[in-house]
Amino acid sequence: MSKPTGNPINDGLLKIAGEKNIETIWDRFELQEPHCGFGTLGLCCKICNLGPCRIDPFGEGPQKGACGADADVISARNLARSAAAGAACHSDHGRDLAMTLLELARGKAKDYSIKDPVKLRNLAVEFGIKIDNKNDLKIAEELGEAILKEFGKQEGELTFVKRAPKKQLDTWRRLNAVPRGMDIEIVQAMSRTHIGCDNEYRHLIELAIKTSLADGWGGSMVATELSDILFGSPRPIRAEANLGVLKEDEVNVLVHGHEPTLSDIIVSASQDKEIIELAKKAGAKGINLSGICCTAAEVLMRHGIPMAGNFLQQEIAIITGAVEAMIVDIQCIMPSLPEIAKSFHTKLISTSPKARFKGMDHIEFNEKDALGIAKKILRIAIENYKNRDASKVNIPKEKMTLIAGFTMENIFYNLGGSFRKSYRPLNDAIISGRIRGVAGVVGCDNPKNQSGLCHADMVKHLIKNDVLVVQTGCSAGACAKAGLLTPESAFRFAGEGLKEICETVGIPPVLHAGSCVDNTRILTACCEMVKEGGLGSSIDELPVAGAAPEWMSEKAIAIGWYFVASGIFVVIGTPLRVLGSKAVADYICNDIEPVVGGKWAFEEDPIKAADLMIAHIDKKREALKLKPLICVTP
Amino acid sequence: MSKIIASAAIRGAKEIYGQAEEFLSKAIKEKGEKCEVKFPDTAFYFPMAYALLAKEVKNLSEAKEVLIFSKGLLHDEPAEKIWLPYLGDTLDSGVAALLCEEIIMALRYLYGQEPQKDCNGFFSDTILRTLGIQLVDGRMPGFAAILGAAPDNQTAVYIVRELQKRSIMTFVGSNVKGRSIIDQLLEEKVEMGWDTYIVPYGRDTLSAIYPLNWAIRGALTFGGHKKGEALKCLKYCLNRVFAFGMVLGELDDIKYATGAGAINMGFPVIADTDIPEIKPSGICTYEHVVKELDHKKIVSRAIEVRGIKLKITEIPIPVPYSPAFEGERVRREQMYAQFGGKYSDAFEYVKMTEPGMIEDGKIEVIGPELDDIKEGGSLPLGIVVQVAGRKMQKDFEPILERQIHSFLNEAMGVFHMGQRDMCWTRISKDAKNKDFKLRHFGVILHARMHDVFSAIADKVQITIYTKQEDVEREVKDAQKAYEERDIRVSGMTDDSVDLFWTCTLCQSFAPNHVCIIKPERIGLCGAYNWLDAKASNELNPSGPNQPVKKGQCLDPVKGEWSGVNEAVIQKSNRTIERFCGYSIIDSPETSCGCFECIVAILPEANGFMVVNREYSGMTPAGMGFSTLAGTIGGGQQTPGFMGIGRLYITSKKFIAAEGGLKRVAWMPKELKDALADKIKKRGEELGEPDLLNKIADETVATSAEELLPYLEKVGHPALKMEGVM
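Protein chains in written order, with our numbering: chain A, 1 to 634; chain C, 1001 to 1725.
Okay, chain A solo, but in the shape it has when bound (with noise of 0.2 Å):
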């Protein structure tokens, strides 16, 4: 059995898991112990046939690869390439919504809808459609159209930089990293880290940046948007989390992975009688539909959908011994799935034409017959509900309630109403000094750190001291099952200014935001918080910060690039993989504070990291001339 993980459910599955001889991610982990030191020192390069190529950090050995490349230039190329490879994810998400778009407004999408035909107008308003008397499917072709361009554009800027702040967006235009298409900076940072062509790290680190951006103001704004006109914009919504959710009289079904095309559609698919009908004849109660990883955050934010687990307990979910399917698309999937899923009956099946995994069944998924492979996959899992073995069954009983589905735009109604909508009382809360300031936190869980606890602690660390926090992703996941997303979590842990808010607008003092694409609502919030007034006139002068304590993606490296360019403070816990070259180092995380406002920080305890967070905020504070704190947690 692997060492314990500082989570007691997956430590109790995780048991049995033992018993069985089944290997999971701990294990694994284990075994790269200790972790390669070049590599994770950013000193490794397998960019070309000259090498492997790797630098001694001591100074004694080699301090050049075969093509002369130093430290400072292999760890600037591999971050900028990490950076490439997480924007492309995040990209490639928006642009399958695009065409699912597209496909709908010219029919061959028939199970899907218009959900928000206000944010369709006002986006397509924004890409410069004229509305006129066209309907919306009309609109939303002109709309798909229009995006789909941004992603091949190859001259001028994306349109939604423009959201941005005139002084961030002058910033920006300064150093040419306004992102031009989503496309054409991911090939040029393929390109420009090709062995002997980029070969000064500032340069390549702004290749990073503006790579990044093309996530953060492109392809993953993209995902944002038209997955609320495509499934609804969320609001406040009630649901549950951890592994708990799962039903021992249910046919249980998890959704995994990221885009919600199919898992939208399996939602409508799950509530279909004739399908109930069918589960009720096999002998089941219903259907659970239940969500692991960013799709969770999908059909959580807008179903109420529970919340089953995050990526490190995508194996887990299957020793419970109670999924009968568990359907997937792409991203943080693991490929070990297929060998746990031998030990029970679950079945396993993967959708998307880009992510094939070695004994999964592949039902591919497409837009044109979205319901009837919903329904089929259904199918199978009701199907497989009779092979179920009830002694292997161990759901374990915890779970807990949230509320999540918070985003920039339902900001505005949440604390005015109707009729008064508005950022005010937030930037209020902060100018009077009852909120310190508002952090966010997200990114993944990774083994290297005790599994989930990072986020708790640091949450509750930035809460007690008024920092209200928004979370996306594992993180809000992580937070969702200590009890932070709920809002009697205030009166627990809040600090005396953060609580008053709380139970004013009758919120958590932790907002859960979406999946890791809706890190863009925290950008967009950002700027409305400029928008209002009283905070400085850019996203750098903000009291904000960020932080993605157990982050392991590309995707996140790409995020944490995007904020830090947007003018935000950014801890990760495990540093980038940059300290082999101390110029770089220094550079990401001091110098470049003044050229684009946010710098990055590396601190693996999650409450001195939240410590940083807080004194930056306090910095800003100072700056911005604001009043002390209100209320000042002894």
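Treat the hints as calculated values from the structure; they're not laboratory data.
Any given hint could turn out to be false.
Said to hold, decoys possible - Partner residues are not named here, just some residues of chain C that face chain A (Cβ under 8 Å, in silico):
# : residue
1 : A1006
2 : L1052
3 : K1055
4 : P1078
5 : K1279
6 : Q1393
Even glycine gets a Cβ: it sits at the ideal position worked out from N, Cα and C.
Keeping the supplied structure of chain A fixed, place chain C upon it in accordance with the hints.
Frame of chain A, contents of chain C only:
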């Protein structure tokens, strides 16, 4: 906690909705959907529905549309545990409550159930015009709506007296278990009505909609916002209408729901019971809901929570203080001591200062005090008033300084003459015996500067020098400033400024009307002079008062400038092309409806008459004020007729093109009396020292037939002037 409030307000809104639905369906059943329904004397239909939803409710079926809309604003009460955000829902419920209350009240009018006994009922547009402008321009500091009943009659009286003292308009009504503050005040024989600033609206909470749908009309009338511009109207109330709710005694769901509605307008609620508070700001300027259990403190707490800028009316000096004492002289034999004149060096100087340099309310007397001199003696006196404020400007110094004269004179036993370094002050023995000191000059000036110039003076500090060497030193600084000012302002005449100001405050009901406010021609409402407009522009740069570059002077006699014409064309939406600022015959300025006085031609008299709004009788023009007002208002140019502000009558530029004040043949006596001194002075300047007596009034003539013989008898100058037509 505020969840309790949210729950109560949401429940209350549902209850009010239920009542409105029931009442409306009864009315529709009995009278039919097309039955007309309206409030008395308003052009705004159901004002709340008109402002927020752009609905012009004229009949029951249109009222039903509002009801259906308000249903959409109702929400579920927050859950006991793991509740969803409730602030937005609560605010929406509040709006629903107001819309439904408006429906219920209108239906009561339909059934003849309103106004209730001893109550005002719906506040008419007329009241809005007369009192509203004072409310939104700051002359009336704010208004209070009291709901419920005080624990005893004495407390009820105490609270309304405290509000009265501060000139806060107070609306009283609602009840606690059937007991209403209205009856408490009636029993104590407190005089109620618009004149006393205590107005009963109704004995139930639903009728609290009256002050609220009165306030929202302020946004439409004075804010220039259009129907349906909900956010703008509500924010106008937040920023310009300094109202608050005061709930005495226990609260019920209906009161909470109505309070939630008021909060949408930026009006906080102060209660005298132990209720949960909502302190963070954002919808209101400061706190939203607070409690103050001590009735002695509740009024000042309410003022603080709403952020009302109060005028200090009680001046803590040992002698009475009132404008009544301004003309009082202190004769030699009554005098204790004197300063300036030919007896000693004296000066007074208002100086703009950086806020960090002075301390508000600091008063220092450097040198001997009144006690230190013998009876009949004198001392040098230098009064330096330092004023700081975000809106303070050097240009305002002389305006503030000029007021020192009347400020000091209004204290009983103080006589003041002159200005600058040519001033002369006496203090009477009586005042000395009451322990009046030179220091009290500082107290008076501090209070009155804040009182009169609240928009520009944030901090006022006074230093009084009574040592010869100090006065000699300080006066040099002052003299330098006087000199500079003489060059700069020279008493603020139309010719001395480059800029005039537009005022388009009234375009909501006179869409093409624009006032051009000049130093020598005050806005026709009498509320805005050139400096006020300037200060108003400082406060709100994109507001109704915009600078107008005079441009080329096209006619100095008629007062026509190219820049003014350009501004008029633009601001009147291209309906008016020319303004002659000093003529009533050739392209006169337009009139909205708020004018203090009307000037009207009297062809028989070869002159004009001036009638003020307060005069209710007949005039020689054959029409009373209101009939005349109806014909000249609305932003039209009506040669021979014009609305003006009172102060313009004695301006040098008053219809100068037609010969000025000498042309005025008739005025109501009250107006004549009020302006007597100024008319005398102006008459002298025009070579007609007896002009005041030559102007007829209603005691001698209320028709053209009666007027002419009188004018001939007194030899009125207009008769000898060239033809007016």
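Against the structure, the hints come out as follows:
1. A1006: At 7 Å from the nearest chain A Cβ, C:A1006 passes the 8 Å test, so the hint holds.
2. L1052: 7 Å, holds
3. K1055: 14 Å, violated
4. P1078: The hint holds - C:P1078 has a Cβ within 8 Å of chain A, the shortest such distance being about 6 Å.
5. K1279: 6 Å, holds
6. Q1393: 24 Å, violated
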